[in-house]
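If you want the building blocks of each chain, they are given just below.
There are 4 protein chains.
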Amino acid sequence: MIFTSDNASGAAPEVLAALAAGNPGYTMPYGADDGSARVEAMLREIFEAPEARVFLVATGTAANALALATYTPPWGSILCHRLAHIEEDECNAPEFYAGGAKLTVIEGDDAKIDAAVLERVLGSEVSVHNAQPAALSITQATERGAVYTAEEVAALSGAARARGLSTHMDGTRFANALAATNASPAEMSWRAGVDVLCLGATKCGAMAAEAVILFDPAKAREFELRRKRGGHLFSKMRFVAAQMEAWLADGLWLRLAAHANAMAARLREGMAARGVKIVHPGTGPAANLFFVEFSGEQHAALQTAGMEYYASAADAEGRHSARIVASFATREEDVEAVLAAL
Amino acid sequence: MIFTSDNASGAAPEVLAALAAGNPGYTMPYGADDGSARVEAMLREIFEAPEARVFLVATGTAANALALATYTPPWGSILCHRLAHIEEDECNAPEFYAGGAKLTVIEGDDAKIDAAVLERVLGSEVSVHNAQPAALSITQATERGAVYTAEEVAALSGAARARGLSTHMDGTRFANALAATNASPAEMSWRAGVDVLCLGATKCGAMAAEAVILFDPAKAREFELRRKRGGHLFSKMRFVAAQMEAWLADGLWLRLAAHANAMAARLREGMAARGVKIVHPGTGPAANLFFVEFSGEQHAALQTAGMEYYASAADAEGRHSARIVASFATREEDVEAVLAAL
Amino acid sequence: MIFTSDNASGAAPEVLAALAAGNPGYTMPYGADDGSARVEAMLREIFEAPEARVFLVATGTAANALALATYTPPWGSILCHRLAHIEEDECNAPEFYAGGAKLTVIEGDDAKIDAAVLERVLGSEVSVHNAQPAALSITQATERGAVYTAEEVAALSGAARARGLSTHMDGTRFANALAATNASPAEMSWRAGVDVLCLGATKCGAMAAEAVILFDPAKAREFELRRKRGGHLFSKMRFVAAQMEAWLADGLWLRLAAHANAMAARLREGMAARGVKIVHPGTGPAANLFFVEFSGEQHAALQTAGMEYYASAADAEGRHSARIVASFATREEDVEAVLAAL
Amino acid sequence: MIFTSDNASGAAPEVLAALAAGNPGYTMPYGADDGSARVEAMLREIFEAPEARVFLVATGTAANALALATYTPPWGSILCHRLAHIEEDECNAPEFYAGGAKLTVIEGDDAKIDAAVLERVLGSEVSVHNAQPAALSITQATERGAVYTAEEVAALSGAARARGLSTHMDGTRFANALAATNASPAEMSWRAGVDVLCLGATKCGAMAAEAVILFDPAKAREFELRRKRGGHLFSKMRFVAAQMEAWLADGLWLRLAAHANAMAARLREGMAARGVKIVHPGTGPAANLFFVEFSGEQHAALQTAGMEYYASAADAEGRHSARIVASFATREEDVEAVLAAL
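Chains as they are written, first to last, in the numbering used here: chain D, 5 to 346; chain U, 5 to 346; chain C, 5 to 346; chain H, 5 to 346.
Read the hints as simulated data drawn from the structure, not as lab findings.
Remember, predicted model here, so these are calculated numbers, not experimental data.
Among these hints, one or two may not hold up.
[Unchecked claim] Pulled a few chain U residues facing chain H out of the computed Cβ check, cut under 10 angstroms: (1) Y30; (2) M32; (3) E91; (4) G104; (5) L107; (6) A135.
Note that the Cβ used here is the ideal one computed from N, Cα and C, for glycine as well.
Chain D with its partners taken away, still in its complex shape (with noise of 0.2 angstroms):
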């Protein structure tokens, strides 16, 4: 019973049966084939962004590294919470990708960006001696799994555009924040000031893929430049369109994401009926993530039941700080198992 990461699954039967479809035959490599042209068709309609542009890599890490990198230059800054997997979780690719750049981190509950706080930094005075604020970066659902409302995403971007700021949203988890929110996917996004999305699909029913919208297509032919000049242009694109296209036709990722939302909630509500401590996320909707803090014996039961999930050495008085991860393969019985454990 794995609950330490929605990546330990692995993927979804449509997209491995995709990637067995389309292997006969040539194609033209490194992205010209038929499949990569109609992902982005399909994701046009799906996001209604006619003009939007998309590129499809392989990992969260490459996807928003380029992304960042195509909006902020080498003296710039991003603006980012202090958790954001950016800033926390990526070995300064985000720094390596645009030349150089400073991250610039934001408190605020759950991960989610403060908004006075981002006012405030963006009130600063900025000179020649100064990093240039240049974008700011949404991780939607955070890393703490609370969930922006489209609201809450155009009132931070709007506040960034007012300062000249582009917005980028770390969609590692977005179709969970749709799920969540019931938004629909251009209201989530460009209809609330994103320039730039990064969508996930590794975590959440595909093997490695991933999609980055430009919703102004005059940034294409830079990003492709970047891609290419990162090493993840791949020749045979094909398999990362197969799975793209697999995972977004007749609604799958949204499937996908409500069952790893609803399963993490199933466990989230039962362990607070149980009298474990919920810690992240507090209000609002929620994602497939949550976080607690576990007694010794909570701890010590689940263990012995065989849950398997991050945990922090007990503290001094015994507890234990905990995330909790579900996926798109989370099956009910193990969930029930976990629950009766405690």
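Put chains U, C and H on the given structure of chain D with help from the hints.
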């Protein structure tokens, strides 16, 4: 009948089957899965290098750029052939990953580095004003279809080592080179002085899988950090490992490469016998690609027959320079059809 | 009466005279001149560090960025105070020179790094996903006018060293710190665990001259190459050396610094006695700058008297935050005039 | 008698005097001083370019690297002569500042770019896989002492512009080129298609001062940020400005350059008349340096006479290749003494 590139083919059935077989259940992410460990063990055995460290990535450009950066400081230079993929076809990826290092190009027939030219370049005095020569990069097989013998590799790497340079091998078609020479993997790599080999599976039957083999394990930690920082560490690494494992198992890789070489040889010899001028490779062992000069009539006949390949526009005498590439998937009947058309 | 910054002053007469004296005749370029050698010898003696290597540059930003890059890989992080010049005022130069490394900011009063916060940051677990902590940067004196004692420096560098980090000292006002504490140069640098010191002369009487002192000579060749690659190797280095030589000779540097400190102290104490609120530095030894909060009346009186300094716009209560900087060139009569105006 | 390089000389007396004259009092730092403004105004007038923006730095490598980076994206390539200073003698500074761009080298006599070779290189097809040609760099005068006519510059820059490239001029010896051709500053720069000129004063009488002249003011803000980020923004910029102002005033720069050229011409012609083989420059106008092949006897005689210059070891026939450089400070009596020694 596609002879444009070996990357126009899909994946070998064994490779696809391995993806499906590897999908069920949970695994540790980011290369901590059992499959990744098995691949390292297999390559250590195949290369008779029990200390070697193996890191998987998904594109040849990533493999080359990461490997070169591990051996070249930003103020260094990389010596390579003027036609090397790293110089011609990677959109400055090596310069990017190596922090602004320089590529210094060297001439030689059939895209092989000329030993005398290399000696002359290595003989220049170097001061603080100059780029510091740091690495020699050898492409095996070359971009013109030629193959270095193990002795040739050893001579070049020896000259480099005598001046303090390391040797990188771009082995995107290393399997084809082995099949063409019957050298053992060890003979063609570390025994011939190669410090780091980028072993490409993608062009020869995988979907997207390349192994970077560091014969000096002391470089492993740096490489790991570079890979992550480049966005090339896959969360579901099990799928890259599964491809590589299937490709290596039971000598599949060498059989696929030998087939591609044989198809190219059949075509090359058949074309030569029918009056086509073979341009590259000149002499010596050959891999799965070659370069010709077609008369206008030859070109027209092949176009009519449906053969696809990259060709120049007609020159003043109506002749076309063309590249012909066979792959693991090339069918004998297509080769015969092409020859019949001449 | 200029108290905006110590860089609004010109150069000390001794420094200018040395330029003229050093002009006639031919010298070896690029630091191979006798003057550069004499400067290295002088600094080795002054710092009781016979193995140290000394490299001259012309700006503090260049000195800091080059020194930090020598101790921080591109995937590393540099720990510094949130208000450090390298974080706030160098337009991403450290990130640029260190190939995209990250600056991780730490809080503390008077722009001094808080030892407890440093311990907490150093205590975090580090994996391949994270920036790798590589260097601690201490500004001496700080951007708020405070001075670390040698014991404080040793405590911070010791904590860093215990986790494998090196220590860099931004000594743009190192002379002022020495004058404020009476510590010896060695006590305040390598004996306190500093690996590389950027000793600034520009703010304290030179025209444009900074010495980077590498206490570990093994880093020298890398530093030299980095300096050249950054465009900071002067052909007519004799003129940078002449400034530094004159500045160091016969303790001029410490006399100039002591004068600047004394002028600032006289102002600070005089202002406090006249009801001005002193904000920084709080306690402990102080350098040649301090921060105040002026009432509207105080500010107006000083403006009328012709005192220039950087001040915020009036807050809701009409008060102005302001920075006052004295320099080697500050005249006693100006200090008295300022105090008289209050 | 030093003929090794023009940077072995000190500074012209007028330049030194200006430093002293500019020292008293306070000025705004970081280029906001009146002297910097005057220099910009002077250069606008001298170059008949009222919109041009001027930025001062202190080394030629900084000037070149910053200027090239402003016109070359990281995925771009810079076309230059194989012997260009930016390729041979700047330790990858251009690649560093341009974020990993590539230098593509072109051949031509006397280190002048051959127009036909340039056309061929510019004629290559470019796809996402290639470095994107972005800038042409012309060294005026060349590293072999040759000088382009304004017409030659216009022809090269025109070919570049037709393919979308900008033109950079490394004018470390621009004054010598003007003195050699009697072209006006405007004719030799923007009227000949130059987008950015690095006008070097250091080699021709300054201490350390170079002006980057951006004929397109739209690039100014980016350049300013790049200069700061590179650590090349001097706090006491007044001293760089003072050098440049004195150097430009009353045509001093052209008089100094004309003297250096004349001394070189006298030497070159005198040596030729005495049987020395002149190697570079071949034909056309010449600057203040030239290359010869000395017989063993000639070399020995000059060594005995105390003439210093860079020379190769003796070849099989006892001959030495050598470079002779005159400077603004070269004395006629030394030239005569050298010729007498032959």
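A quick look at each hint next to the structure:
1. Y30: At about 37 angstroms, which exceeds the 10 angstroms cut-off, the nearest Cβ of chain H leaves the hint on Y30/U violated.
2. M32: violated (34 angstroms)
3. E91: holds (8 angstroms)
4. G104: holds (4 angstroms)
5. L107: L107/U check passes; min Cβ-Cβ to chain H is 7 angstroms, inside 10 angstroms.
6. A135: holds (5 angstroms)
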